[in-house]
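> Single-letter residue listing:
Number of protein chains: 2
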Amino acid sequence: MSKPRAVVLLSGGLDSATCLAIARERGFDPIAISFNYGQRHKSELLAAKKLAGLAGAAHEVIAVDLAAIGGSALTADIAVPKGGAHLGAAPAIPVTYVPVRNLIFLSLAYALAEARGAQALFIGVNAVDYSGYPDCRPDFIEAFAKTAALASKIGREGRSPEIIAPLVTFSKADIAREALRLKVPVQFTWSCYDPQLHEGFYRPCENCDACILRRNGFADAGYQLSKEEIFGSPLALA
Amino acid sequence: MSKPRAVVLLSGGLDSATCLAIARERGFDPIAISFNYGQRHKSELLAAKKLAGLAGAAHEVIAVDLAAIGGSALTADIAVPKGGAHLGAAPAIPVTYVPVRNLIFLSLAYALAEARGAQALFIGVNAVDYSGYPDCRPDFIEAFAKTAALASKIGREGRSPEIIAPLVTFSKADIAREALRLKVPVQFTWSCYDPQLHEGFYRPCENCDACILRRNGFADAGYQLSKEEIFGSPLALA
Chain D
88 MSKPRAVVLL
98 SGGLDSATCL
108 AIARERGFDP
118 IAISFNYGQR
128 HKSELLAAKK
138 LAGLAGAAHE
148 VIAVDLAAIG
158 GSALTADIAV
168 PKGGAHLGAA
178 PAIPVTYVPV
188 RNLIFLSLAY
198 ALAEARGAQA
208 LFIGVNAVDY
218 SGYPDCRPDF
228 IEAFAKTAAL
238 ASKIGREGRS
248 PEIIAPLVTF
258 SKADIAREAL
268 RLKVPVQFTW
278 SCYDPQLHEG
288 FYRPCENCDA
298 CILRRNGFAD
308 AGYQLSKEEI
318 FGSPLALA
Chain P
88 MSKPRAVVLL
98 SGGLDSATCL
108 AIARERGFDP
118 IAISFNYGQR
128 HKSELLAAKK
138 LAGLAGAAHE
148 VIAVDLAAIG
158 GSALTADIAV
168 PKGGAHLGAA
178 PAIPVTYVPV
188 RNLIFLSLAY
198 ALAEARGAQA
208 LFIGVNAVDY
218 SGYPDCRPDF
228 IEAFAKTAAL
238 ASKIGREGRS
248 PEIIAPLVTF
258 SKADIAREAL
268 RLKVPVQFTW
278 SCYDPQLHEG
288 FYRPCENCDA
298 CILRRNGFAD
308 AGYQLSKEEI
318 FGSPLALA
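Sequence lines, in order, name chains D and P. Count along the first sequence from 1, then add 87; that gives the number in my numbering. Count along the second sequence from 1, then add 87; that gives the number in my numbering.
Treat the hints as calculated values from the structure; they're not laboratory data. The structure presented is a predicted model; accordingly, all values stated were derived computationally and were not measured. Keep in mind that a hint or two might mislead.
Some, not all, of what chain D presents toward chain P, calculated at C-beta under 10 Å [to be verified]:
#, residue
1, Arg111
2, Leu190
3, Ala198
4, Ala202
5, Asp226
6, Glu229
7, Ala230
8, Leu237
9, Val255
To give an idea of the chain D side of the interface with chain P (calculated C-beta under 7 Å), a few residues [unchecked claim]:
#, residue
10, Val151
11, Tyr197
12, Pro221
13, Gln283
To be clear about the criterion: a stretch of chain P counts as covered by chain D if any three or more of its residues have a C-beta under 8 Å from a C-beta of chain D, and this derived list gives those stretches [claimed, not checked]:
#, stretch
14, 164-170
15, 191-203
16, 249-261
17, 290-296
Where is the CB? At the ideal position from N, CA and C, for every residue including glycine.
So that you can see chain D by itself, here it is in the shape it has in the complex (with noise of 0.2 Å):
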């Protein structure tokens, strides 16, 4: 008998990779959508081709033109914040913030499994080492699952896959041990915002927010890791 299927937001960070990862344990086959929306620098994408290819997984890539809307430091030429000195503060939305972002991409990726017969779709957010989003927390994903079976074939005849997300509730050194139990080819995730484009070369610029964070979260967990594994290794440009 052939697996359900589930689709996966990937986007070729650590988080989405450890879904992807999981969503295989718990014996789905899996789809992963990545999106083209206009981010400033390709290497997620690069990331999120190379780490389905290595899990086995069908790879689809939805363009979304969200740079026309604007509004964010991941789409704009904004500054990404460096060094990490707020982080730990009090909550704030952050300029990395892209406006609903999640709301979009969880639109996209419920139709993907309603063409697809998929009967879960799993999304990687938390929100408890990152909280400044609004749409990483579960209130948003709760509703979000109620307003899609509301809107759609699937959801009106009672077949509304389920949205999981598993790490909603991790810290980023419980991810960390995650990916590390589900043999995640970490060195191949990307979670750096504001790569270093250098010889026909990405590098992860290890300072950004997203950098720190996941610099924090392997050392906190107690592991040991090389440089690549930590931040991810250089993307040759496609």
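On the provided structure of chain D, position chain P as indicated by the hints.
Leaving out everything else, chain P in the frame of chain D:
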């Protein structure tokens, strides 16, 4: 004092053009948003551009590749139903349903509202004459408003735009009356799902569900109109 902004979803059809006029009447400065989503025919985008221009509204066209997701006669090579024999029967979801299209479009429109500081978001869905679409019903619109508020910076700050669906309980005849009351240039609206391309012009087929509902709406409202007003004028290919 400048008027408050409103984002208005403008497909180029009769309903959304009427919605744009309602937003104006209610005192908003409208920003029309349309989607280049991989629809087989661009006639509705040409109509939307013309209508926004006539209304003096800003017009933003956002690309989102729903054709890559598939599952609909509007994006794939599936025959559009003709003759209207099934209309008025027990509501079934038609093959022109695009998986969670209004959820995706509303999410993108909400992002635009956030990025442009709009205080309202108008959508011309109606649940009466064409209730086969699950994402045109009031329960979906209400659930969406709650979910988007949870997903967004403006929502978490208590400044979520109001989601206004002024036509949701209207019959097609009510919409026809409202359009003519507000002097919507109905001859430049485009509803047809199956445009006939001939000698450099798109012409409405006059026989798909959208054409038939529109013709019946004007007739039920008691109007004697020209063929161009009833179905929309031929559109020159861009």
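> Taking the hints in turn, state whether each one holds.
How the hints compare with the structure:
1. Arg111: violated (23 Å)
2. Leu190: holds (4 Å)
3. Ala198: holds (4 Å)
4. Ala202: holds (4 Å)
5. Asp226: holds (6 Å)
6. Glu229: Holds, about 9 Å.
7. Ala230: At about 4 Å, which falls below the 10 Å cut-off, the nearest Cβ of chain P leaves the hint on Ala230(D) intact, so it holds.
8. Leu237: With a closest approach of 4 Å, the Leu237(D) hint holds.
9. Val255: Cβ of Val255(D) sits 14 Å from chain P, so the hint is violated.
10. Val151: holds (4 Å)
11. Tyr197: Tyr197(D) check passes; min Cβ-Cβ to chain P is 6 Å, inside 7 Å.
12. Pro221: holds (5 Å)
13. Gln283: violated (28 Å)
14. 164-170: violated (count 0)
15. 191-203: holds (count 8)
16. 249-261: Answer violated; 0 residues pass the 8 Å Cβ test.
17. 290-296: violated (count 0)
Checked against the numbered hints listed earlier, the structure breaks hints 1, 9, 13, 14, 16 and 17; every other hint is satisfied.
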